[in-house]
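Enquirer: As given, the protein sequences belong to chains A and B, one line each in that order.
Numbering of the first sequence is given in my numbering, commencing with residue 1 and proceeding in unit increments.
Numbering of the second sequence is given in my numbering, commencing with residue 1 and proceeding in unit increments.
A portion of the hints provided could be inaccurate.
Facing chain B, from chain A, some residues (calculated, C-beta under 8 Å) [what the hints assert, rightly or not]:
(1) 5
(2) 6
(3) 11
(4) 19
(5) 26
(6) 34
(7) 37
(8) 41
(9) 50
(10) 56
(11) 68
(12) 73
(13) 85
(14) 86
(15) 99
Treat the hints as calculated values from the structure; they're not laboratory data.
Note that CB positions come from ideal geometry on N, CA and C, so glycine has one too.
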Amino acid sequence: MYLNQFLLLSVFLFCAGMYGVMTRKHTVLVLMSVELMLAAVNINLVAFGAHYNDPVGQVFALFVLTIAAAEVGVGLAIVLLIYRNLHSSNPDEVDVLRG
Amino acid sequence: MLVAENVFFYALAAVMAIGAVRVVTTNNVVHAALYLVVVLAGGAGQFLLLGQEFVAWVQVIVYIGAVLVLFLFGIMLTRAPMRADEPLNNDLRALALLPTALLAVVLSIVLIDQFDDTKLGLTEPIRTSEVTRSIFRQYLVPFELVGVLLLGALIGAVVLARRD
């Protein structure tokens with residue numbers, strides 16, 4: 001197996017996530033796309049950890065997982081709050097601060 | 001052995017790629033969450049293939065077990081449209097493809113240039129004991145900080161979502 005197999009898979013997942021962040025019309029779906037990007041980064045970290053036979057790749061992947069869990073928790077709370085106040089879950093409609 | 005590894009990799013990678021595309025294009029919010037499960041489970045399979053057991057099972061438990069349930073709750077609580085009659089992507093679809101393709105091409109060129117025929121240096125699976133030793137010796141302070149951060153996020157989420 002080549003290292004590049006995993007890195008290119010991760011490139012694809014990251015780009016799919018980026019596309020989702022730019023185009024999705026529902027905030028929960030935007031958060032899901034962010035998760036996709038974080039999963040891609042995790043594959044990268046773990047692939048390099050395996051390449052160098054070092055457990056540190058797994059350690060950093062675990063940190064990313066933890067941060068992702070925290071991000072989803074706070075993110076969904078914010079989405080809920082926006083929905084309650086503006087009755088919309090479309091990030092394009094949240095433009096209260098637009099001048 | 002090598003052939004079996006490659007077959008496993010490419011089968012998983014194809015499923016993950018299709019799942020990832022469906023996550024960002026499907027018109028059903030719940031389906032998007034379920035496709036995300038497919039992608040993350042495939043990721044766990046790749047971790048197993050790379051001999052990194054611990055992070056693979058953590059991915060299954062934390063992502064598929066906890067984060068996805070949170071997503072489903074988020075979908076329920078915001079009354080997301082479950083019908084497929086209106087597209088859930090905005091009008092920037094074609095425009096957004098441009099930077100996405102650009103990033104993919106640039107990253108692929110750099111990676112192929114740098115690691116074109118680098119064989120994976122994996123000799124044997126990395127044991128959980130090595131991972132925990134690394135966490136609790138070398139990375140103890142970041143580990144504790146992440147614990148505090150999670151607690152902060154928990155309290156913050158409760159404060160934000162609570163009805164007064």
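Enquirer: Does each hint hold? Answer for all of them.
Expert: Outcome of the hint check:
1. The closest approach between the C-beta of residue 5 of chain A and any C-beta of chain B is roughly 6 Å, which is under the 8 Å cut-off, so the hint is satisfied.
2. Proximity of residue 6 of chain A to chain B holds as hinted, the smallest CB-CB distance being about 7 Å (cut-off 8 Å).
3. Contact between residue 11 of chain A and chain B, as hinted, is supported at the beta carbon level, the nearest pair being about 5 Å apart and thus within 8 Å.
4. Checking residue 19 of chain A against chain B by beta carbon gives a least distance of about 4 Å; that is within 8 Å, so the hint holds.
5. Nearest Cβ of chain B to the Cβ of residue 26 of chain A: about 6 Å, under the 8 Å cut. The hint holds.
6. Checking residue 34 of chain A against chain B: minimum C-beta separation of about 11 Å lies over 8 Å; hint violated.
7. Annotation: interface hint on residue 37 of chain A violated; nearest CB of chain B at approximately 10 Å, more than 8 Å.
8. The restraint placing residue 41 of chain A at the interface with chain B is violated, with a minimum CB-CB distance near 11 Å, outside the 8 Å limit.
9. Given the 8 Å rule on beta carbons, the hint for residue 50 of chain A holds: about 4 Å separates it from the nearest Cβ of chain B.
10. With its C-beta approaching chain B no nearer than about 6 Å, residue 56 of chain A sits inside the 8 Å limit, and its interface hint holds.
11. Because the smallest distance between the Cβ of residue 68 of chain A and any Cβ of chain B comes to about 7 Å, under 8 Å, the interface hint for this residue holds.
12. Nearest Cβ of chain B to the Cβ of residue 73 of chain A: about 4 Å, under the 8 Å cut. The hint holds.
13. A distance limit of 8 Å between C-beta atoms decides the matter here; for residue 85 of chain A the minimum to chain B is near 11 Å, and the interface restraint is violated.
14. Given the 8 Å rule on beta carbons, the hint for residue 86 of chain A is violated: about 11 Å separates it from the nearest Cβ of chain B.
15. For residue 99 of chain A, the interface hint is violated, since its Cβ never comes within 8 Å of a Cβ in chain B; the closest pair sits about 22 Å apart.
Checked against the numbered hints above, the structure breaks hints 6, 7, 8, 13, 14, 15 and satisfies the rest.
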